[in-house]
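S.K.: Chains as they are written, first to last, in UniProt numbering: chain A, 1 to 230; chain B, 1 to 581.
Please note: incorrect hints may appear among the correct ones.
Unchecked claim - Straight-line alpha carbon distances no greater than 30 angstroms define the calculated DSS-like cross-link-like pairs of lysine-lysine that follow:
1. B:K187 - B:K97
2. A:K100 - B:K187
3. B:K35 - B:K2
4. B:K97 - A:K73
Unchecked claim - Below, a sample of chain B positions facing chain A; criterion: calculated Cβ distance under 8 angstroms:
5. W47
6. E49
7. G51
8. D53
9. G68
10. S94
11. K97
12. S113
13. T122
14. I124
15. E126
16. V159
17. I165
18. H212
19. Y214
Calculated from the structure, these hints are not laboratory results. None of these values were measured; they are calculated from a predicted model. No residue lacks a Cβ here, since even glycine has one placed at the ideal position from N, Cα and C.
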Amino acid sequence: MDSKGSSQKAGSRLLLLLVVSNLLLCQGVVSTPVCPNGPGNCQVSLRDLFDRAVMVSHYIHDLSSEMFNEFDKRYAQGKGFITMALNSCHTSSLPTPEDKEQAQQTHHEVLMSLILGLLRSWNDPLYHLVTEVRGMKGAPDAILSRAIEIEEENKRLLEGMEMIFGQVIPGAKETEPYPVWSGLPSLQTKDEDARYSAFYNLLHCLRRDSSKIDTYLKLLNCRIIYNNNC
Amino acid sequence: MKENAASRVVFILLLFLSVSLLNGQSPPEKPKLVKCRSPGKETFTCWWEPGADGGLPTNYTLTYHKEGETLIHECPDYKTGGPNSCYFSKKHTSIWKMYVITVNAINQMGISSSDPLYVDVTYIVEPEPPANLTLELKHPEDRKPYLWIKWSPPTMTDVKSGWFIIQYEIRLKPEKATDWETHFTPKQTQLKIFNLYPGQKYLVQIRCKPDHGYWSEWSPESSIQIPNDFPVKDTSMWIFVAILSAVICLIMVWAVALKGYSMVTCILPPVPGPKIKGFDVHLLEKGKSEELLRALESQDFPPTSDCEDLLMEFIEVDDCEDQQLMPRPSKEHTEQGVKPMHLDLDSDSGRGSCDSPSLLSEKCDEPQAHPSKFHTPEGPEKLENPETNLTCLQAPQSTSGEGKIPYFLANGPKSSTWPFPQPPSLYSPRYSYHNIADVCELALGMAGTTATSLDQTDQHALKASKTIETGREGKATKQRESEGCSSKPDQDTVWPRPQDKTPLISAKPLEYVEIHKVSQDGVLALFPKQNEKFGAPEASKEYSKVSRVTDSNILVLVPDPQAQNLTLLEEPAKKAPPALP
Chain A
1 MDSKGSSQKA
11 GSRLLLLLVV
21 SNLLLCQGVV
31 STPVCPNGPG
41 NCQVSLRDLF
51 DRAVMVSHYI
61 HDLSSEMFNE
71 FDKRYAQGKG
81 FITMALNSCH
91 TSSLPTPEDK
101 EQAQQTHHEV
111 LMSLILGLLR
121 SWNDPLYHLV
131 TEVRGMKGAP
141 DAILSRAIEI
151 EEENKRLLEG
161 MEMIFGQVIP
171 GAKETEPYPV
181 WSGLPSLQTK
191 DEDARYSAFY
201 NLLHCLRRDS
211 SKIDTYLKLL
221 NCRIIYNNNC
Chain B
1 MKENAASRVV
11 FILLLFLSVS
21 LLNGQSPPEK
31 PKLVKCRSPG
41 KETFTCWWEP
51 GADGGLPTNY
61 TLTYHKEGET
71 LIHECPDYKT
81 GGPNSCYFSK
91 KHTSIWKMYV
101 ITVNAINQMG
111 ISSSDPLYVD
121 VTYIVEPEPP
131 ANLTLELKHP
141 EDRKPYLWIK
151 WSPPTMTDVK
161 SGWFIIQYEI
171 RLKPEKATDW
181 ETHFTPKQTQ
191 LKIFNLYPGQ
201 KYLVQIRCKP
211 DHGYWSEWSP
221 ESSIQIPNDF
231 PVKDTSMWIF
241 VAILSAVICL
251 IMVWAVALKG
261 YSMVTCILPP
271 VPGPKIKGFD
281 VHLLEKGKSE
291 ELLRALESQD
301 FPPTSDCEDL
311 LMEFIEVDDC
321 EDQQLMPRPS
331 KEHTEQGVKP
341 MHLDLDSDSG
351 RGSCDSPSLL
361 SEKCDEPQAH
371 PSKFHTPEGP
381 EKLENPETNL
391 TCLQAPQSTS
401 GEGKIPYFLA
411 NGPKSSTWPF
421 PQPPSLYSPR
431 YSYHNIADVC
441 ELALGMAGTT
451 ATSLDQTDQH
461 ALKASKTIET
471 GREGKATKQR
481 ESEGCSSKPD
491 QDTVWPRPQD
501 KTPLISAKPL
511 EYVEIHKVSQ
521 DGVLALFPKQ
531 NEKFGAPEAS
541 KEYSKVSRVT
551 DSNILVLVPD
561 PQAQNLTLLE
571 EPAKKAPPAL
581 P
């Protein structure tokens, strides 16, 4: 009788201990906002997602501009690389709006697909950019560090955009074809001028596309979250 | 012939050239494109610098083509942007497309083209300064005034739709200051400035910047005058208050200096020392004790009728040989002389005032009970003790030659200042009056007197003064006692001696004692108070000899060897503090 009682006591104590420990562990979990889609699908609110995405896209464009200016100052003075940069972006096949009216007339679904396509198409070039800048002789740290940062942030932005896309347009087909970059050989060419020209083109295109992404996101943010009343 | 014609043509051309050179005419110099700017990412304008015109009227044209197109366009608008400018309207503006722009200078002599400028509208954004800058001074009720700056976004920027993201910077300074105070605000179009210097004229400017682009120019200065207000008045008011308080302090110091002592006495009256009415200090100084005592005697002494209540409790002297206990007795005293001891319970009316310790000396002058003199240092708490008994020793009269008999006033079990509790339950260790000496000492101790103090007259207490500790017994000690108590330095015949059997002093240490009689030699016979019922005491003991004096100046009396019994003395002796000094 005694042993039973003691074992029951031990059991109840264990249970209590488990409950308490569970409660404590649960407190450690980051509390997220209310789950609109049920317990199995806790998500950050759309407003927060957009805020975060706008911040990241703004940051990426700042980094890209700085990187381009840095490169231009050091390697492209008087070389006329700009002339070669015309029509050199691999993403020019994407039908992106090119002024305010066009952008405002584009449906946000289309805009978001465009953003996603741009982000996806830049994964690969960014990776190679980092590798090739590292190998560039005398590559200043300013360019390299920014390249590394941009690559990371691009991945983060892509994740965020996919989440936004899933919330704004649930059920849309996720993958659409995106332009593929094929400029790697020109980054690796032996001819220094040709190589620098290829870098110049890539950085020029990166700057432009990051500007597009940033502008479209800010437009969407004001349209969806703030109802055109920013 | 042909050769002549060719050479003639060449000659004429050269002539023309030389003539034109002589005139200073030449094709224009290359113009230069200065900059292109877009105020709202929807239009843009380009400006160029013309070169030398070569002496001939020169026209400038701007031509451009877009990235990915081959068609060359000419500037749609040369006017809107001012001279030497080209304005591209919305229709002609594309973002994220490179424009290749060239300016051409044409005159009669030739055409000069500038270097092409590669322009992407995305990167040439420079807004106008913000518009409608308004300054307003707000005065909330319970706070200092603040400046409320408001403005609106610059022209040609579409902020609402989110196409143009803008940030603002405001700077302000007092007119005569050199450094600007800058504030940066993302997005909002108003600002509140709180820490303003009153009485200053403030200048305010604002500028803005797109999310990616150039800062605008500073807006024209706006100014506002901050009025002088309370903070300044506050300071002057406080200065005035400080001066006023300083003046008041000076006046007070002056008053204190002049009348310091009287003011001090007004605020903090000195503690009155015990005074004996009719007591002349100067006589004392002279050393004429007889005069002094005569002076005292002339007063209403011993106390009269109002002390009657207590006096009625006076001791009983029933010896046939009694001497006049009160050589000049008032009625009450004689009465008391024969009155049996009884506990007269009268009203408190007389007692109350008698019980007041501070009025001890006066009380006995007035018809008050001087038992209050024996009030212990413990204070008037014991006043209400109904069981306490009071013993008031009266100094013997000075006029009688026979000796002064101290009186022990024994109160009934009424409230009195003397905590002489009859029943043991009321025993307080502090009030362990073992003998008359205690009583006396306490009484005098209360008055704060020393052996030499002659203020005790009214207290009529036997004092076991410290001088008793000389160890002299008998007369000397008794003298001291009498001195202390009677305030008469008369060394003789203070203590009447009992002549015959004397009542016993009560075995209880807390008993009050009574003078039974005064013997011929002036030896005082002290007896414990007897219960009335038993009438005259029998087989009582007479304690008339001083055995010893203890630390606390308690006089321990022993029965006279002439007395019949000896034993009872032992008990109070035991109770007395044992150590001899």
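S.K.: So which of the earlier hints does this model not fit?
M.R.: Hints 3, 5, 6, 7, 8, 12, 14, 15 and 19 contradicted; others consistent.
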